[in-house]
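Now for the letters of each chain:
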Amino acid sequence: MNFLERFKTYLRSLFKLVPPTKEAAELREAMLGDLMSRAMDLKESGGLTDDEIYEKCIESIGDYQPMLNELRMKPLESVRSPLFQRGLLSVLTITLFAVVLYLVLAVSIEGFWGVGAYTVFPIAAVAIIAVATANPLQRAFRLKRPVIAAGILSLYSVILCTALFFVLWLAVGISPGKTWVSFTYIPFLIAISVAIATKIAKKSLFVPLLIAVPAAAVPIYLTAAVATGLWHPLWIIILVGLLADILLLIFRINRKIALKAREAAEKEAPYTEEDVSEWKKR
Amino acid sequence: MAHGGDILRGHTETIILRILSEGDSYGYEISKSIIEGGEGVIDVKDATIYTAFKRMEEDGLLSTYWGDGVGGARRRYYRITEKGRKLYTEKAEEWKKASRILDKLILGAQK
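If you read the protein sequences in the order shown, they are chains A and B. Quick note: the first sequence uses our numbering, first residue 1070, plus one each step. Quick note: the second sequence uses our numbering, first residue 4, plus one each step.
You may find that some hints are simply not true.
[Unchecked claim] Distance windows between CB atoms, simulated:
1. B/Asp71 / A/Gln1207: 28 to 34 Å
2. A/Val1160 / B/Ile10: 41 to 47 Å
3. A/Arg1149 / B/Glu42: 44 to 50 Å
4. B/Glu61 / A/Leu1152: 51 to 57 Å
[To be verified] Chain A residues, not near chain B, derived (Cβ > 12 Å throughout):
5. Glu1098
6. Cys1126
7. Thr1231
8. Lys1268
Calculated from the structure, these hints are not laboratory results. Glycine included, C-beta positions come from ideal geometry on N, C-alpha and C.
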């Protein structure tokens, strides 16, 4: 990794808890410019390895904590921030809209008082959650923060499965004795959320995949069994899921062993191609 | 010998103003020139300088602009304002007087 990338990674971790204001972004860029200038200067003087130069540059920053603390928003400032105010305004608008819509529909449609209460308000609640999380989710993707992204996507998964349960039960008319299966999709969707977050962080997808496969097999089996009543032969689906997992694991181990063997072979090669040609000349 | 930070204390801003009064500069160049002028006694950290820059910019003593850098990173340059020059002249006069008095009091007849 070159200096620029190493310093960028370092500054990213340093500014992790600092809100992304213009001031913070400018300080961060100024620091990057100065770190690079120092590194290039030290490189020109010679005598130091790249790692030593990197360490020296980081050391030159000194105690950065008071400087970063000044950039953190105080509670009152968060309330004043336009992002917070716009969010609050959206929540109020959606709530007001839902109440008015409910009253208008309830007055004009017979029997809507009951049905309306458990349709209009949950939908409004979901809309509020969507509005509240849209910005943080976008920022988590942009700033490559996998934990926040996974958390928000998992929340969506839970909401989606719960909504599905109620829609299938109340709107489609399938008895809750069957629609409970929709909840069993939650682990699978969370595994997918984690996989997406892992992808942002550019880490290996292997572990999320290993969890996602059986997490998919279980709800698929339950859905098929509840729909057809064929609990007995359909359990094979679970078995297929487990087999797929074992196969994945075997492939993974196989690849690791192959890699290790290649590394070992490269390290222990008694002679290089140059040696061979030299030897043939003699 | 007093610790490097003790010598600098209270004078960082004046020193930065002096350096900028001789021409626009950026963080690393300024800290380098302080360290080089410090005869190995003074070691100033970037965080100290950035904190001073921030305060000075808020006080209208300097302005900033982005310039070319090295290795794909821009440099943030600082320029002294009229207000900054005025303050520097005042501070320099104060320092001349203070150091004259301290010389007399600390060194006495030795001089």
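The hint says 44 to 50 Å between A/Arg1149 and B/Glu42; measuring C-beta to C-beta, is that right?
holds (48 Å)
State, for the Cβ atoms of B/Asp71 and A/Gln1207, whether the hinted interval 28 to 34 Å holds or is violated.
The hint (28 to 34 Å, Cβ to Cβ) holds, given that B/Asp71 and A/Gln1207 are roughly 32 Å apart.
Beyond 12 Å from every chain B Cβ: check whether that's true for A/Lys1268.
At roughly 26 Å from the nearest Cβ of chain B, A/Lys1268 sits farther out than 12 Å, so the non-interface label holds.
Looking at A/Glu1098 again, its CB stays over 12 Å from all of chain B?
For A/Glu1098, whose nearest Cβ neighbour in chain B is about 6 Å away, the distance does not exceed 12 Å, so it is violated.
Cβ separation of A/Val1160 and B/Ile10, checked against the hinted range 41 to 47 Å
violated (55 Å)
Check the non-interface label on A/Thr1231: least C-beta distance to chain B beyond 12 Å or not.
Its Cβ never comes within 12 Å of chain B, the nearest being 48 Å, so this holds.
Does the hinted range 51 to 57 Å hold for B/Glu61 and A/Leu1152 at CB?
violated (23 Å)
For A/Cys1126, is the shortest beta carbon distance to chain B beyond 12 Å?
At about 9 Å from chain B, A/Cys1126 fails to clear the 12 Å cut-off, so the statement is violated.
Consistency with the previously given hints fails for numbers 2, 4, 5, 6, ordered from lowest to highest.
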